[in-house]
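Could you put together the complete structure from these sequences and hints?
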Amino acid sequence: MTEEYTVKIGTRRSALALAQTDLVIAALSKAAGPSVKFEVHSMATMGDRDKTTPLPSLGKGLWTSELEAKLVNKEVDVIVHSLKDMPTSLPEGCVLGAVTQREDARDVVVFPRRQGGEYKALKDLPEGSVVGTSSVRRAAQLKRSYKGLVFRDVRGNIDTRLAKCDDENGGYDAIILAAAGLLRLGYDERIGQYLESSTEGGGLLHAVGQGALGLEIREGDEKIAKLIKAAVDEDTMMAAFAERSVMRTLEGGCSVPIGVETKWVEDEGEKKLRLKVAVVSLDGKKAVDGERTEKIANLEEAEALGKSLAEKLAREGAQEILDAINKLRESAPGALKVSDA
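Numbering (the UniProt record's numbering), first residue to last: 1 to 341.
Hints were generated in silico from the structure; no laboratory data involved.
Heads up, the beta-carbon is just placed ideally off N, CA and C, and yes, glycines get one too.
Hints may contain errors.
[Unchecked claim] Each computed BS3-like pair below joins lysine-lysine, with the alpha-carbon atoms no more than 27 Å apart: (1) Lys-276 to Lys-123; (2) Lys-70 to Lys-226; (3) Lys-295 to Lys-272; (4) Lys-226 to Lys-74; (5) Lys-30 to Lys-74.
[Unchecked claim] The following label-pair restraints were derived from C-beta to C-beta distances: (6) Gly-220 to Ser-145: 46 to 52 Å; (7) Pro-91 to Ala-44: 16 to 22 Å; (8) Glu-222 to Ser-198: 42 to 48 Å; (9) Asp-124 to Glu-291: 26 to 32 Å; (10) Lys-285 to Gly-33: 54 to 60 Å; (11) Val-72 to Ser-198: 38 to 44 Å.
Here it is, written out as structure tokens:
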């Protein structure tokens, strides 16, 4: 007789987080069958509740630590995270058990509805146009190529940011968001331009883990570890581990401008992982870029790829850029921000 049991899933209480959790439950239910039931336990984390502190000053733990406490205390069995929100070092007793198939990892440009299609790309915006983003990674990289644009912080969930973009008094001529969130919530039509390393006018590398979902579980929980294997996408998981290794090696977080881009490519007749990394100063004036393509067969090799490339970039000046940013952060609360305005 098949054992019946209930799996308690922890997640944030946002429309996007709940939609992502539904995707995971659908994948797990199909594999587990009717004997396994799922309960969603959602909550607003500290990062969700704080609406005033500039996002770069918050740090990733404010979106995850309260959920992880519930995991450690066995109030939930698994947490569904946006992988880009997960710190690269997890609490003792917690492990990243699965990474799902990636949605589009790129960042995108959203233009206000009031523009009526006048602009098609960032390069079309006139000098002095205001671009909204809560990410110093995005702002720093874009300042490298779009020197005439002005960057200003924009906070809130996706619906809130879209509303601020469309508000005639909001002052934004465009905002930058992750494609994955818009696509998962059905806002495909709001995407005005996709941004990637080869974008005409100036490229943009995405955040570590962007577009993927991470399932965090208790170390040693073999039943849950076996269950969530149904949600694993091996290619995405290896790419994500390479990206997270870059971040861990450079000791960066969501509040520092480290951009990555991974892609599986055919090279010399073999399937290989191409990893690109960019570390950029806040003003966009200094940058260190790197790229490496290697054959990767497991998570250990993926992590080794990320570590070796990160160490190379650190020697070439990336560490100096990050040290300056960390010094700024430590100098005063709120010193690290998207705009100097």
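Evaluation of the provided hints:
Between Lys-276 and Lys-123 the CA atoms are separated by roughly 23 Å; this keeps the pair inside 27 Å, and the hint holds. A distance of roughly 21 Å separates the Cα atoms of Lys-70 and Lys-226; the hinted pair therefore holds under the 27 Å criterion. For the hint pairing Lys-295 with Lys-272, the CA-to-CA distance comes to about 4 Å; that is within 27 Å, so the pair holds. Proposed proximity of Lys-226 and Lys-74 is supported: the alpha carbons are some 17 Å apart, at most 27 Å.
A hinted pair counts as satisfied when its Cα atoms are at most 27 Å apart, and Lys-30 with Lys-74 qualifies at roughly 25 Å. Taking the beta carbon of each, Gly-220 and Ser-145 are about 48 Å apart, inside 46 to 52 Å as hinted. Taken as a hint, the range 16 to 22 Å holds for the pair Pro-91 and Ala-44, whose Cβ atoms sit roughly 20 Å apart. Between Glu-222 and Ser-198 the CB atoms are about 44 Å apart, so this pair conforms to the stated range of 42 to 48 Å.
The hint said 26 to 32 Å for the Cβ distance between Asp-124 and Glu-291, and at roughly 28 Å that hint holds. Range check, Lys-285 to Gly-33: Cβ separation about 57 Å, and the 54 to 60 Å hint holds. A C-beta distance of roughly 43 Å is found between Val-72 and Ser-198, which places it inside the suggested range of 38 to 44 Å.
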